[in-house]
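2 protein chains.
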Amino acid sequence: MKLQTPYLMFLGDAPDQLAAKTAQGVVDWRPEICIGQLKLDNCNADLGLPDLTLNEAFDKGVKTLIVGVANRGGVISNAWERTIVEAIEMGYDIASGLHNRLGDTPAIAEAAERCGRALYDVRHPTETFPIAVGSKRSGKRLLPVGTDCSVGKMYTALAITNEMKERGMKVSFRATGQTGIFIAGQGVSVDAVVADFISGATESIAPANDPDHWDIIEGQGSLFHASYAGVTMGLIHGSQADALVLCHEPTRPHMRGLPDFALPDIGDCMDANLHAAKLTNPNARFVGIAINTKHLDEAAALTLLAETADKYGLPCVDPVRTGVAAIVDQLG
Amino acid sequence: MKLQTPYLMFLGDAPDQLAAKTAQGVVDWRPEICIGQLKLDNCNADLGLPDLTLNEAFDKGVKTLIVGVANRGGVISNAWERTIVEAIEMGYDIASGLHNRLGDTPAIAEAAERCGRALYDVRHPTETFPIAVGSKRSGKRLLPVGTDCSVGKMYTALAITNEMKERGMKVSFRATGQTGIFIAGQGVSVDAVVADFISGATESIAPANDPDHWDIIEGQGSLFHASYAGVTMGLIHGSQADALVLCHEPTRPHMRGLPDFALPDIGDCMDANLHAAKLTNPNARFVGIAINTKHLDEAAALTLLAETADKYGLPCVDPVRTGVAAIVDQLG
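Respectively, the protein sequence lines represent chains C and W.
Heads up, the final residue of the first sequence is numbered 332 in our numbering, and it's a clean run with no missing numbers.
Heads up, the final residue of the second sequence is numbered 1332 in our numbering, and it's a clean run with no missing numbers.
The hints are simulated quantities; they were obtained by calculation from the structure and are not laboratory data.
Possibly wrong hints are sitting among the right ones.
[Stated by the list, open to error] Here are the simulated lysine to aspartate or glutamate pairs, EDC-like style, with alpha carbons at most 20 Å apart:
1) C:LYS278 - W:ASP1260
2) W:LYS1278 - C:ASP271
3) W:LYS1278 - C:ASP93
4) W:LYS1278 - C:ASP268
Pulled out of the complex, with its shape left as it was, chain C reads as follows:
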């Protein structure tokens, strides 16, 4: 799978801005490939992009319509279906982050078949992966890991990727979730592969490379999340990370979706992740800590970053507030 760029962002009838979170993430990180947005009636989200019709965007060279919003009730409405079919007939590929598959809507499947266009359901891997072999691959790899889900692992990975690019380093962002896949144009939703293949899929997306090339692999879940830790474990083993970055959100009251579970201590979390990582890379080490301080004021944020850096003897940054240069300084 390799999504063709540039993109037109389809917002459908998104009820609010939050429903367009995935689309917003793509615009934030790849504004140069997001040419415009397409809204239907009753759309309450906006990405700050030009409003374009399918025809207008196609004339500007757009190749793929990105469905980066949640649809109401999990059903593709008639209005959505008409728009998507029209796009296919005009020559667009369609890439969707919906839970339901595009091809499960007969009119969409029929149009794609008839017009020879591609349908990409980025939540639903269709490739067959090998079982992980664990053999050392050339090249270097960095993996953000978290005290919890949704603490900024993708944001951290993308910020590190950009910082390394600016320094002229050889680097690739490797996507493991839907927003990351739209951003990178390729990748695998590792939480959606068959369980036996989590590590194998991860090995596949970050293959052997030049000795001085870095894969920055999007993290998923947390070893301390009772619902998803299996995904995280397989991702750690398959990534063979040389470098780990601990990601944390300091104001969260409990593990995401699990009111009975407190967040782990940062030190305990680093110990557990390092222990797991050393199975496939005995030289794995933490190179920094990334804290999402958006809910703290500037003074409190900077104090926390400084204290955490001091406590663990590692660079401690907020990718938004301070940038990630101090972490990239650790990557030889």
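Given chain C, work out where chain W should sit, using these hints.
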């Protein structure tokens, strides 16, 4: 899914006894439900059961034809297809442990549809599972974990189940792999569910129960196996094990299928598993060690068991050589 018993064991044209390993496992643990075996020409496996035709077995009350052998080259041959279709038309359900799905063979799918019989592909879960919630469930649970794959975790779980039944304790074996599912008549191949649902599937198969009831959950993989540890991690969290049993095979030269990976130290392995288990059950503890000593002579085996028991302060048994009574003594 609940397989109807008794079973007729289909051996097809199994090239050797090893190809019938799954079928043999079912016969070993549930001889009372395995009424006979059915071989085709060139079958080189034998389960020591009466050879019965489909008609003879049906007359004896058999309900399900168990396809518990590997098929050559992953293709269902014409001879297999004829036999399976004939069974369906006679009134059998079919349960298969093949990698390919029964319903992918059109004649088999058509016959099942036409005759209203069930096709069970036990390697391919069809249920939808919830995301794991991690909340404490009533009842008690035991999970065997291993230094490696295929070190006797299922055997240990079944032996403990039988010992507890003999003592009149409330106990259920919960199957997580194909042989276990044939033995229990139900269960889920947890290594074949979508990665996000490993823990959720495990929670589903071992639900809340009487406070003095034990679920003995079949283990899978190893936290130290670079290919499959994600499955093991999710299984540990979903099981909320009160009691863990460490399973080990002392003569293995390296991790199964991974020549570059040595087996972990038993103590390190117990530490890692206990750390993972405490996330969803802070009271988790090891209650014993099960060592597969079949490649050792009696004197060496008994010495190893005694030394290991002494070193870790836990009952140490070989389920085959010594039985598991010493472990069950630990379960209140």
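Hints, one by one, checked against the model:
Distance hint between C:LYS278 and W:ASP1260 is fulfilled; the C-alpha atoms sit about 14 Å from each other, no more than 20 Å. Straight-line distance between C-alpha atoms of W:LYS1278 and C:ASP271 comes to about 15 Å, which keeps the hinted pair within the 20 Å bound. Between W:LYS1278 and C:ASP93 the CA atoms are separated by roughly 47 Å; this puts the pair beyond 20 Å, and the hint is violated. The straight-line distance between the Cα atoms of W:LYS1278 and C:ASP268 is roughly 13 Å, inside the 20 Å bound, and the hint therefore holds.
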